[in-house]
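Undergrad: So the chains spell out like this:
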Amino acid sequence: MTNTRKRDRGPKSYTRLTHPLVRDEKGGPLRPASWDEALERAAAGFRAARGAFGMFSCARATNEMNYVAQKFARVVMGTNDVDSCNRTCHAPSVAGLSAVFGSGGGTSSYEEIEHTDVIVMWGSNARFAHPIFFQHVLKGIRNGARMYAVDPRRTSTAEWAEGWLGLDVGTDIPLAHAIGREIIHEGLYNRAFVERATSGFEEYRALVEPWTLTAASKVTGVPAAAIRELAHAFARAERAQLCWTLGITEHHNGTDNVRALINLALLTGHVGRYGSGVQPLRGQNNVQGGGDMGAIPNRLPGFQDILDAEVREKFESFWGVDIQPRYGRTLTEMFEAMESGELRAVYCIGENPAQSEADSGQAMERLAMLDCLVVQDIFLTRTAEFADVVLPATAAWCETEGTTTNSERRVQRVRRAVLPPGEAREDIDIICELARRLGHEEWKYADSETVWNELRALSPDHWGMTYDRLEEHQGIQWPCPDLERLEPSFLHGRLWERDPHLLGRRAPFGIVRHDPPVDLTDEEYPIRLTTGRRLDSYNTGVQSGSFASPLRRGEFVELCPEDAERYGVAVGQRVRVTSRRGSVVAPVWVDPALRPGLAFMTMHFPDEVDTNQLTIEANCPIAGTAEFKASAIRIERVAGVADDGSALR
Amino acid sequence: MTTVPLAPPRRLLEFTLDDTPVRVPEGATILDACRAAGKDVPTLCHGDTLTPKNACRVCVVEVEGARTLAPACSRLAEPGMVVRTDTERTRHSRKVVLELLASSVDLSTTPRAAEWIKGYGAEPDRFGPEARRLGEEPRVDNDLYVRDYDKCILCYKCVDACGDQWQNSFAISVTGRGFDARIAVEHDGPLTESACVYCGNCIEVCPTGALSFKREFDMRADGSWDEEAQTETTTVCAYCGVGCNLTLHVQDNEIVKVTSPHDNPVTHGNLCIKGRFGFQHVQNRV
Numbered sequence: 004m005t006n007t008r009k010r011d012r013g014p015k016s017y018t019r020l021t022h023p024l025v026r027d028e029k030g031g032p033l034r035p036a037s038w039d040e041a042l043e044r045a046a047a048g049f050r051a052a053r054g055a056f057g058m059f060s061c062a063r064a065t066n067e068m069n070y071v072a073q074k075f076a077r078v079v080m081g082t083n084d085v086d087s088c089n090r091t092c093h094a095p096s097v098a099g100l101s102a103v104f105g106s107g108g109g110t111s112s113y114e115e116i117e118h119t120d121v122i123v124m125w126g127s128n129a130r131f132a133h134p135i136f137f138q139h140v141l142k143g144i145r146n147g148a149r150m151y152a153v154d155p156r157r158t159s160t161a162e163w164a165e166g167w168l169g170l171d172v173g174t175d176i177p178l179a180h181a182i183g184r185e186i187i188h189e190g191l192y193n194r195a196f197v198e199r200a201t202s203g204f205e206e207y208r209a210l211v212e213p214w215t216l217t218a219a220s221k222v223t224g225v226p227a228a229a230i231r232e233l234a235h236a237f238a239r240a241e242r243a244q245l246c247w248t249l250g251i252t253e254h255h256n257g258t259d260n261v262r263a264l265i266n267l268a269l270l271t272g273h274v275g276r277y278g279s280g281v282q283p284l285r286g287q288n289n290v291q292g293g294g295d296m297g298a299i300p301n302r303l304p305g306f307q308d309i310l311d312a313e314v315r316e317k318f319e320s321f322w323g324v325d326i327q328p329r330y331g332r333t334l335t336e337m338f339e340a341m342e343s344g345e346l347r348a349v350y351c352i353g354e355n356p357a358q359s360e361a362d363s364g365q366a367m368e369r370l371a372m373l374d375c376l377v378v379q380d381i382f383l384t385r386t387a388e389f390a391d392v393v394l395p396a397t398a399a400w401c402e403t404e405g406t407t408t409n410s411e412r413r414v415q416r417v418r419r420a421v422l423p424p425g426e427a428r429e430d431i432d433i434i435c436e437l438a439r440r441l442g443h444e445e446w447k448y449a450d451s452e453t454v455w456n457e458l459r460a461l462s463p464d465h466w467g468m469t470y471d472r473l474e475e476h477q478g479i480q481w482p483c484p485d486l487e488r489l490e491p492s493f494l495h496g497r498l499w500e501r502d503p504h505l506l507g508r509r510a511p512f513g514i515v516r517h518d519p520p521v522d523l524t525d526e527e528y529p530i531r532l533t534t535g536r537r538l539d540s541y542n543t544g545v546q547s548g549s550f551a552s553p554l555r556r557g558e559f560v561e562l563c564p565e566d567a568e569r570y571g572v573a574v575g576q577r578v579r580v581t582s583r584r585g586s587v588v589a590p591v592w593v594d595p596a597l598r599p600g601l602a603f604m605t606m607h608f609p610d611e612v613d614t615n616q617l618t619i620e621a622n623c624p625i626a627g628t629a630e631f632k633a634s635a636i637r638i639e640r641v642a643g644v645a646d647d648g649s650a651l652r
Numbered sequence: 456m457t458t459v460p461l462a463p464p465r466r467l468l469e470f471t472l473d474d475t476p477v478r479v480p481e482g483a484t485i486l487d488a489c490r491a492a493g494k495d496v497p498t499l500c501h502g503d504t505l506t507p508k509n510a511c512r513v514c515v516v517e518v519e520g521a522r523t524l525a526p527a528c529s530r531l532a533e534p535g536m537v538v539r540t541d542t543e544r545t546r547h548s549r550k551v552v553l554e555l556l557a558s559s560v561d562l563s564t565t566p567r568a569a570e571w572i573k574g575y576g577a578e579p580d581r582f583g584p585e586a587r588r589l590g591e592e593p594r595v596d597n598d599l600y601v602r603d604y605d606k607c608i609l610c611y612k613c614v615d616a617c618g619d620q621w622q623n624s625f626a627i628s629v630t631g632r633g634f635d636a637r638i639a640v641e642h643d644g645p646l647t648e649s650a651c652v653y654c655g656n657c658i659e660v661c662p663t664g665a666l667s668f669k670r671e672f673d674m675r676a677d678g679s680w681d682e683e684a685q686t687e688t689t690t691v692c693a694y695c696g697v698g699c700n701l702t703l704h705v706q707d708n709e710i711v712k713v714t715s716p717h718d719n720p721v722t723h724g725n726l727c728i729k730g731r732f733g734f735q736h737v738q739n740r741v
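Protein chains in written order, with the working numbering: chain A, 4 to 652; chain B, 456 to 741.
Calculated from the structure, these hints are not laboratory results.
Quick look at which bits of chain B chain A covers, simulated, 3 or more residues with Cβ under 8 Å:
1. 593 to 600
2. 609 to 622
3. 691 to 700
4. 706 to 714
5. 723 to 729
6. 732 to 740
So the derived list for chain B, only partly shown, Cβ under 7 Å to chain A, looks like this:
7. THR647
8. THR688
9. LEU703
10. ASN719
Label pairs and their in silico Cβ distance ranges:
11. A/GLU487 - B/GLY535: 37 to 43 Å
12. B/GLU687 - A/ARG569: 51 to 57 Å
13. A/LYS221 - B/ARG594: 49 to 55 Å
14. A/ARG579 - B/ARG594: 37 to 43 Å
15. A/ALA551 - B/ALA569: 30 to 36 Å
16. B/GLY535 - A/HIS504: 52 to 58 Å
Idealized CB from N, CA, C, for every residue including glycine.
Take these sequences, add in the hints, and give me the full structure.
TA: Here it is, written out as C-alpha cells:
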C-alpha cells in the first residue's frame, strides 16, 4: 500500500432549492416558477392520473409529515400506494417481526444492551453505521458482556468481538439453522418458553436437522467450532441481545433471514425480558416512524392492519372517506407499475430513488416513463432532475417542528433552529395546499402539534405521548397507551405470562429455507461484491457530501491483499468493475478485513462511481427489498489510464 | 419473570453542609450535594459524564476531621460528615490552584475563569512570565478541529472521553512525564495521521477550549463569535436511525456548533462525525 494519497475530486456538493421549478415539455429544461403555477401544475397532473397515483413518503421527515403524506394518498387520491425508502433497507425486519410478534419494532432498548450477557451483531457494522448505538454496546462489553460479530467482512465492529464468524455472503440461514440445531441437540433450548409461548417447534426441529455443524461449515465457510461456540454462548446466557442491520435485510430473501434470526431468540427465550431481545438497527432518522405513521402500503397509522375491518371503520369515520380494503403497492411494485403504465403520476417527497434503487439505470428509465413526477426536496437531486414539478421544502430535522421515532421506538421532538432559504416551504403546508387544490378545502393544520394530536386520537400506541410529555421525558418509547404511566423498555413481556389469555397469540417459528444469492458467481463474474456504509458518509451522499471530512477518500472498490495481487492491481489504480447489469470504473483500495473472492463498495458517491449500476434488483417477495448485498462482478485493469489521468507505461 | 429488575431505591443520607443539614441519595458526591443546595463550587476537570480524575483540585472542600482538603467532585457524601465549602483554607487552596493554572496556561476561553480569578483574589502574574508552559501556535491540520495546547490544563477529560469511558478510539493520550507531560495523539503527529474518527466528543468535554471546533476557532479569530447572539435548540439528528439529540448553536441563522445534552438517554452527550459536523448541507443556500 504505497499510494495512499487522497484524490482531490470532492463529492458533488448540492445547493438548496429556493424556488419552485417546472418543466414545460418532456425533455425540456426546468425553469423557475411561482408557487401558484407549480402547485397548479402538480395538482393538474395528479388529477389527471387519479387511480394511477403513487406516493413516495420520506423516512427522513417527521412523523407528522408522514402522517399527512399517507393521508393525502388515502384520502385525497384514494389509494394505498404509499411507501418510502424503508423498502430499500429494513422492510424485511418489519415484515419478519410483525409476522412473529404482531408488531414491527425492535423489542429492546439501547440501555438494555449495557446490561446483557451476550450480544450478537449479525450483518451489522454498527461501529461505523450506528456509532452512538455502538457506544451502548461498548458499555455492555465493558460491563462484562461477550460480543460476537457475524459478518463476511472483519469490520471495525468485529474488532471488538469475542468471536468473528466470517460467513460467505448470503449464507445466514444455514448458519442460523446450524446454531438452532446445536442448541436443540445439546438440550440448551428453553423448553418452558418454547412450549408455552411459541408454535411450530416440531416443524422447526425437522427443518434445522440437516444443518449439522459440518454441513453448515461447508456452506458458510465458518469453522464448526466457531458456530458451536456462538450457539452455546447464546443459549447459556441469562440475557442476550440479537442485533442486525442491512447485512440481513438487503437480500432477495431478507424476510426469511430475519425469521431465521428471530427463531434463535424464540428457541432460547431471549425476547420479552429486560436485557433479552431482538433489535434491528434502523438506517434513517425516521424510517421507524414513517412505517408507524402508515406511510407503508399495508398499514394505517399506529401500525394498524388495513385488512382489519374495525380499524378501517375507525379511520373511515374519522376521515370521512372509504379506504380500499386491500394492500397497496410497495415502492418496488410501484416501480414495476411505472413500466406497465399502471402508475402514471408520482409524488416523491425527500427520496432519491434514481440513485438509491438497485439497478439504478432501470430505475431512471422507469421514472422517465411517468406522465407526472412531482419531487419535493431540499436539493435538486438526481431524481428531481426527472421531475415535471420541483417543490422546494424545508429540512425536517432543523427547520420544522415535529417528532421522529428512533430504532428503540423512542418518539422524540424535532425543533426548528434555523429559517429555510428563499421560498422553501414546510412539507405539511405544501401537501395541504395540494389537497385543497384537489377539492379538500378542509385541509388546514395550525401546527405540527395539531397533526400529532389527530394521530394520537387514531393510534392507541401513541395516545399517551403529548408534546409536553415528550419534552419532559426526552422522548417516550411506544407503546404508550396511557397519559400517566410509562410502559417497560422492552416489548412482548406477554410471552412470559402463564395465563394463555394474557399470553395471547403464540410466536411462530419461521420455516425458512436456505436460498443462495440470485446473482451467482462463475468464471465470468468470479468476485462477490457486497455493499455498505463508511463512518463519515451517508447513503447517496447528498447530505454528507458537504462537510470537510478528513476521513473521506471517495469511492473505491475494496479488495483483499490476495485478490489485489492476483489481479496485479495496487491501491489507487483504476479498474473496470462489471456485473451482469452494468459497469463502472473505480480506483482500488486494499483492505485486509476482506477475504479472497469478496469485494466491497459503498453507494456514497454515485456521481463519481455509481455502484448501484452493478447491484441486482432481485427482490424479497415479502418485503420488496433488493439484494444490494450480493452481486457478482469481475475486475479488469483499465488499459492506458492511470489514476491521475496520465498514460500508463 | 416479566418484571424489570429495578435497582433498589437509593436511601437518603444526611450530613452537614456549611452548618446546614442536607439529605442526598446514597452514592452522591459532595459536589452533587453542593449543586443541589445551590452552592457555586468551581470545577474544571470534573465532567458530568466522566469518572472523576481529581486532576485540578479547584473544587476542594474541608471535611471535618480530615487531614487534607477533599475534592468535592469525587468524595462521596457520608452520613454525619461535616463539610465546609467556603473556609479560609479552601479559598486559599483554590486561589493557589487558579494562580498555578493561569500563570502557565492561557485561560482566556475557559468559561468563568476570569470571574474565579477575581473572586478568589488570585494573582497569576506573581510567578513571572517564565511560568508559561508551552508558548506554541495552535495546531490546525484539518477542517474540523483545532488543538491549542497553550490552553491545556492536563485535566485528562479528552483522554477519558476518547478512551475506555466513551469513544474507545484511543487516539488521545498523555505523552511525557512530569513537567514534559502533555496531551497528544500517537507520535505527536497531525490529527489526520492518528486514530481520530472526528466524533468531537473530546471537544464536548474540554473545559478550556484547548480543543475546539475549527468554525468556532475561526470565528473567534475574526471577532465574529458572539455567544450572546446565539440560540440553542435541541432536535434529532438526520443521519442514521439511532436518534441522537443534537443541540444546534445558531448565530445569524447559521449553525455554528453542535453539541448534545449530557443527560440524554440516547447519547449521554456523545455524537459521531456525521451528527457533529454533517449539518453544512442545509445551509448551502447559494
